[in-house]
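Enquirer: Sequence:
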Amino acid sequence: MMDLPCVQWQDHVAQKWIGLDPELKETFTSLLELDDLFKCAQTLITQDDLDFVQSISSGYSVQKDAEQAATCREVGNSSFKTRDYTAASLHYSQGICFALQGSEQLSLCYANRSATLYHLQHYQESLDDIDKALKNGYPSHLSHKLKDRRTQCLKHLSVGQKAKEDHHNPASNNPKAPDRVKEASVGLLTFGICPQAAVGFSLEKGRHLVAKERIAAGEVVLHDRPYSCVLIPGMEEVKGKGGRQDAGRGVLFGVEHRHCHRCLTETLRPVPCEGCSYSRYCSTSCQQDAWEEHHRWECPLGAHLRMMGVMSQLALRVTLKAGLKNIQMARDPIRNEHTESEPSGLNGESSDSCPGHSNGSDPCASYYGDSYPSVFHLRHHLNRHSPDVRFLCAVTIATLFLKLSKAGPPPASWDLGISRPLVADSQSPDKEEGVADWSSNLWLLGSAVLRHMLQLRCNAQAVVMVQDTGAANSLVQPSREIRIATAIFPTLSLLNHSCCPNTSLVFSAGTSPSADFSESMTEYRSTDCGVTMTVRASKVITAGKEILHCYGPHSNRMATQERRRLLQEQYYFLCRCEACTLQQQEEEEEEEGSEGRQQWSGVGVSPQSGLLCGKCKGSLKKSSNGGGKGLICSQSSCAHRVSLSEVNSRLQEIKADLEKAVDLMERERPDEALTLLRRTQSQPGLSLAETHPVQGELEDATARAYATMGDWNNAASHLERSAVAIGSQYGEDSIELSQQLFKLAQLHFNGGARGPALSVIPKVRQLLCLHGGPLCHELQELHAMEKCLQG
316 MMDLPCVQWQ DHVAQKWIGL DPELKETFTS LLELDDLFKC AQTLITQDDL
366 DFVQSISSGY SVQKDAEQAA TCREVGNSSF KTRDYTAASL HYSQGICFAL
416 QGSEQLSLCY ANRSATLYHL QHYQESLDDI DKALKNGYPS HLSHKLKDRR
466 TQCLKHLSVG QKAKEDHHNP ASNNPKAPDR VKEASVGLLT FGICPQAAVG
516 FSLEKGRHLV AKERIAAGEV VLHDRPYSCV LIPGMEEVKG KGGRQDAGRG
566 VLFGVEHRHC HRCLTETLRP VPCEGCSYSR YCSTSCQQDA WEEHHRWECP
616 LGAHLRMMGV MSQLALRVTL KAGLKNIQMA RDPIRNEHTE SEPSGLNGES
666 SDSCPGHSNG SDPCASYYGD SYPSVFHLRH HLNRHSPDVR FLCAVTIATL
716 FLKLSKAGPP PASWDLGISR PLVADSQSPD KEEGVADWSS NLWLLGSAVL
766 RHMLQLRCNA QAVVMVQDTG AANSLVQPSR EIRIATAIFP TLSLLNHSCC
816 PNTSLVFSAG TSPSADFSES MTEYRSTDCG VTMTVRASKV ITAGKEILHC
866 YGPHSNRMAT QERRRLLQEQ YYFLCRCEAC TLQQQEEEEE EEGSEGRQQW
916 SGVGVSPQSG LLCGKCKGSL KKSSNGGGKG LICSQSSCAH RVSLSEVNSR
966 LQEIKADLEK AVDLMERERP DEALTLLRRT QSQPGLSLAE THPVQGELED
1016 ATARAYATMG DWNNAASHLE RSAVAIGSQY GEDSIELSQQ LFKLAQLHFN
1066 GGARGPALSV IPKVRQLLCL HGGPLCHELQ ELHAMEKCLQ G
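Residues 316 to 1106 (my numbering) are what the sequence shown spells out, left to right.
FYI, nobody ran anything at the bench for these hints, they're computed from the structure. Each hint should be verified, as a subset may be incorrect.
Straight-line Cα separation of at most 25 Å, BS3-like style, residue types lysine-lysine; simulated pairs [unchecked claim]: (1) Lys470 x Lys460; (2) Lys1078 x Lys1102; (3) Lys932 x Lys970; (4) Lys379 x Lys450; (5) Lys450 x Lys460; (6) Lys331 x Lys354; (7) Lys450 x Lys470; (8) Lys527 x Lys636; (9) Lys396 x Lys331; (10) Lys970 x Lys930; (11) Lys721 x Lys640; (12) Lys937 x Lys520; (13) Lys354 x Lys718; (14) Lys527 x Lys860; (15) Lys721 x Lys379; (16) Lys937 x Lys975; (17) Lys718 x Lys640; (18) Lys396 x Lys462; (19) Lys636 x Lys721; (20) Lys721 x Lys331; (21) Lys331 x Lys718; (22) Lys447 x Lys462; (23) Lys520 x Lys936; (24) Lys527 x Lys937; (25) Lys354 x Lys340; (26) Lys379 x Lys447; (27) Lys937 x Lys636; (28) Lys447 x Lys470; (29) Lys718 x Lys379; (30) Lys1078 x Lys854; (31) Lys721 x Lys354; (32) Lys462 x Lys450; (33) Lys636 x Lys354; (34) Lys447 x Lys396; (35) Lys936 x Lys970.
Each pair of labels, with its calculated beta carbon distance range [what the hints assert, rightly or not]: (36) Asp463 x Leu365: 53 to 63 Å; (37) Pro702 x Leu435: 30 to 40 Å; (38) Thr857 x Ser473: 37 to 47 Å.
Just so we're clear, the structure is a prediction, and the values are computed from it rather than from any experiment. Note that the Cβ used here is the ideal one computed from N, Cα and C, for glycine as well.
Based on the sequences and whatever the hints tell you, model everything.
Expert: In structure tokens, the structure reads:
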């Protein structure tokens, strides 16, 4: 996992653990206080460890590099010539991040990026880059190009402004005009828990969220924003988008190239850090805020942090943002806390905890919303992590802080709130001030970072976004969810787990939710928000019921034993939610035996999940007599038998064909993909019922192939069949079905099928409102389609 340190460092620490003196190993294992654990790890760090970190960090360099900047600009020029302006802009941005401040290479990258932004119709952004190019010494003999482009940008902006004024003027005299009503309703945005819910506590569950009053399906339960987050490098792929001439040429960019490293907003024109080539931001404001919060320390340690993994960096970032005073204040109530006093839970409650005050005060008082105490008091499970995991985390953080201490004391502003310039000055007069305090407080800061790293193993939240995966000029835009960052959401951490949750969760980056409620919530202006998370009730939650969230393993996607195993390994609890209890009873009644379970484990479906007899198309059922364990046709006149190995082999063949078909469509060969899919479905032998998950995938891929060829009616017909399987697998009120039906509405609209489109839109609207809320962008597109069809 890229959340953990790189493999070389993991192996190095593992060997260090194996070679540790047995008595010292026993001492380390017996430590149950975080402070003691960190101090012990500090004594174990050797020069060999530091040298090894230095050697592997060279592969994660974040230095400015003029040659790299020039290479990025040349590749950008190639993309520009093929009119792939998005890729060109990203390459020029990469060049800007590598270029030295004030260099001609920097000015050339800015100038070239201004050209791509102009062609992408981002005229104001193009003007900004023109100014930056000129300020960084753009060659005077080429400046006429920039002046001409500036004139064109200003002309477009002037035309756009006039059109906007013409559009709004007719409504200005009508106080009931929709635009005026909409503007008047936009006020302060709110974060926190809705008035119908409250924080509860019990020894069994720890802190958790309970409905005080009835919460209707679709209502917002809470809005939250991360206390801190870290982008996951290399998780996104943007392919060449210039059409067939780019087919087969993949241009790779990670999320770290496309998103702000502080607030996660996606941008084509990031503002670079002046000290390193890695960190970049959506605006100068975010750049400055990041510098004050954490990056002034991270910048010189960039290579070390990258090799030490996302969890280490996020733990450090949380600590740096908090500051020494907040850490000391958060530690005060629990100085006498022992980890063994933490209450154990049964059903996801281990993801969160009360601080366990020894004075018997209300544990819920430790919840402070979007604040450091609410993060600090999350359960760290020191006594439940395996010794080797504790050792890896402790040695990693101790090594990191030894590197940090050698860089000198922190700036005075970290503790005193004094504003400092964006570039650290090694000759600053206060360089030697507080050196003694820094050394004496290093263990305290290190202990806090270690605490957060252990917490994050149970409390970190993946931030996911929907990404378009097709070419920009494609008739169809397939999409998928990708994990772009790891974050810590203080309020979300209150929710315990259920494999059949009563909530759904959506993220938005660069925009913030509107105020659905305000009574018990802290208010922030929209400019304070980057990525936000919204939890809605996916079904009615009656008063007194606990509000539950799924940590990943969902009853619709994974068998009970596998879910429980994963939850036990990562969150240290045996799940006894409603789904696990009921499904365990069913699975015990239909036990297949160890050999059968092993054969089915790679398929992801159960033997009774919509399989049909290849001879008579009757449904197959379990058989455990006669010809051995397998399936038998339910029609007595047929009684055809199929072994588990045959079923497993057939399903694996279908999945392999599906992958090939998708690859063919990615390479703009939908006709070949369609031929392959037809052949796959016409193969003799085992058949899949319309409700089988794999059948749903086949129908979805077939629909995509037809849509790519512009055959909207056939595409819609197959997507309708896919929706049947989706509804059967995930439920008729699931977010998965809403996404499928939204695509169906688009296909009907594109094919001019007015009646079918209008008939499916109400169901889509209902599901989108339930999971995404009334302001999600899909609803806006749906409204535009409906208005067009009705008009």
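Enquirer: Against the structure shown, which of the earlier numbered hints fail to hold, in ascending order?
Expert: 8, 9, 12, 16, 23, 24, 27, 37 and 38
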